Amino acid sequence: MKDLIIRDLCKTYNGKTVLDRLNLTIPAGKTTAILAPSGYGKTTLLRCLMGLETADSGTIEGLEGIRVSVVFQEDRLLEGFGAEANIRLCSPEASGEQVREGLRAFSLGDAEGKPVSAFSGGMKRRVSLLRALMAPYDLLLLDEPFHGLDEELREQIMEETNRRSHGKTVVLVTHDPYEAERMQAVQTVHLESLVQEQRK
Amino acid sequence: MKKNFRIWAVLFWLLVWQLGSMAIGSEILLVSPLRVIQTLADMIRQMIFWRSVCFSFIRVFGGFLLGTALGCLLAVLSSRFQVVRELLSPLVLTVRTVPVASFIILALIWFSSKNLSVLISFLMVLPILYTGVLTGIRERDRELLEMARVFHVRPWRKLLMIDIPEVYPYFHSACRTALGLSWKSGIAAEVIGMPKGSIGEHLQQAKVYLDTPTLFAWTVVIVLISLLCERLVLHGMDQGMKMLRRWKG
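Residue numbers (my numbering), protein chains in the order written: chain A, 1 to 200; chain B, 1 to 249.
Worth flagging that the hints you see were computed from the coordinates, not collected in a lab. Here the structure is a predicted model, which is why all the values come from computation and not from measurement. Be aware that one or more of the hints could be misleading.
Claimed, not checked - Covered stretches of chain A, going by a simulated chain B footprint (3 or more residues, C-beta under 8 Å): (1) 46-56; (2) 72-78; (3) 87-100.
Using N, Cα and C, we set each Cβ at its ideal position, and we do this for glycine too.
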């Protein structure tokens with residue numbers, strides 16, 4: 001996979017400019033962290049990378065033919081099904097043993113056989129993250145993936161996420177600079193200052 | 001299965017009915033529940049009773065199944081093609097608003113009365129299922145659909161694990177309404193058309209001969225079949241959904 005090159009990306013919703021001539025290069029095979037408070041277009045940028053939004057103007061080079069996996073800001077799980085079914089939905093090639101091993105690594109071993117609707121918020125977040133990590137992908141987009149996890153578990157999950165996504169292109173959106181550091185981000189983009197600079 | 005009423009409440013209203021009929025003192029005006037039970041016991045011993053039940057059941061339920069199948073198919077097509085939705089919209093509105101008696105009389109002019117209840121039950125069920133399923137398809141969780149799109153979820157998996165579970169509550173609710181209505185309209189059609197050997201024919205004859213006990217007994221039979229049918233169909237559907245969830249995880 002090549003570097004992703006974002007050039008002059010603009011996106012407006014209901015007259016409000018969310019992305020204004022954004023220029024950014026996301027290096028292939030590395031982790032890029034994007035930090036910004038709410039309302040600076042982090043999620044919009046991810047949606048453009050996923051192909052769910054079309055930019056008003058500007059281009060993103062390097063997206064053609066690549067497989068994208070994502071942890072959305074919301075868990076977006078099938079509540080009536082179990083963790084294993086949710087994971088297999090997006091990674092049909094994964095064997096039962098691989099899925100069970102993943103569940104154990106994410107401390108979800110005892111969740112087998114229960115529907116996701118019975119899970120706590122933290123458990124749902126881990127299923128959502130594991131689903132993204134087990135799906136085949138070239139580009140991994142993570143929108144606040146560790147939100148809602150308790151301190152000890154967060155460390156373990158960050159470690160496991162880092163290990164499983166090693167060598168892949170990862171875009172991590174977060175409020176927390178520590179998460180960017182733990183995910184070994186090679187560049188940290190402060191979207192807030194980037195936007196303000198471009199608005200000058 | 002959720003209990004909708006308490007047995008003491010049923011007994012209370014049966015007692016009111018019994019006292020009311022004793023106070024009126026005329027079997028033609030208001031027959032007592034005991035007399036209805038006695039008439040019903042006599043009826044179920046006769047072969048003609050079971051033949052009539054089968055005759056009406058096959059037709060009314062057949063109409064329900066046809067209406068359900070076509071309603072679902074048209075809802076899927078309408079959700080995909082705007083032209084189909086626009087084309088069907090006035091038709092569905094017409095079927096929903098035209099009185100059932102008008103359909104029955106028209107159908108009697110065009111066809112024989114033998115399969116009248118199939119057509120009427122079908123016509124009553126079709127718009128309910130169509131509207132319910134179409135609403136369900138349009139109200140599917142957008143976030144889940146986006147997730148399936150990004151992950152390139154295979155169409156069959158998406159159908160079984162996202163589309164069907166998302167539409168199911170709307171389908172279930174539409175079936176519940178349609179089942180009750182199919183029996184009411186189907187029997188009404190039989191009463192007017194009087195196809196030979198149907199429940200409706202017996203009801204009409206009971207009216208002509210002022211045979212109130214038989215009229216009440218057949219009414220009880222219709223209510224029981226309708227309730228039983230609703231319980232069995234809805235229970236079967238719920239079990240099907242549970243099996244799907246177990247099968248897929």
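Check your understanding: Are there three or more residues in the stretch 72-78 of chain A whose C-beta lies closer than 8 Å to some C-beta of chain B?
Key -> holds (count 4)
**Study point:** Coverage of the stretch 46-56 of chain A by chain B (three or more Cβ within 8 Å)
**Key:** Since three or more residues must qualify, the claim that chain B covers the stretch 46-56 of chain A holds, with 3 doing so at under 8 Å.
Check your understanding: Given as covered by chain B, does the stretch 87-100 of chain A meet the bar of three residues or more with CB within less than 8 Å?
Key -> holds (count 4)
Hint compliance for this structure: every hint is met.
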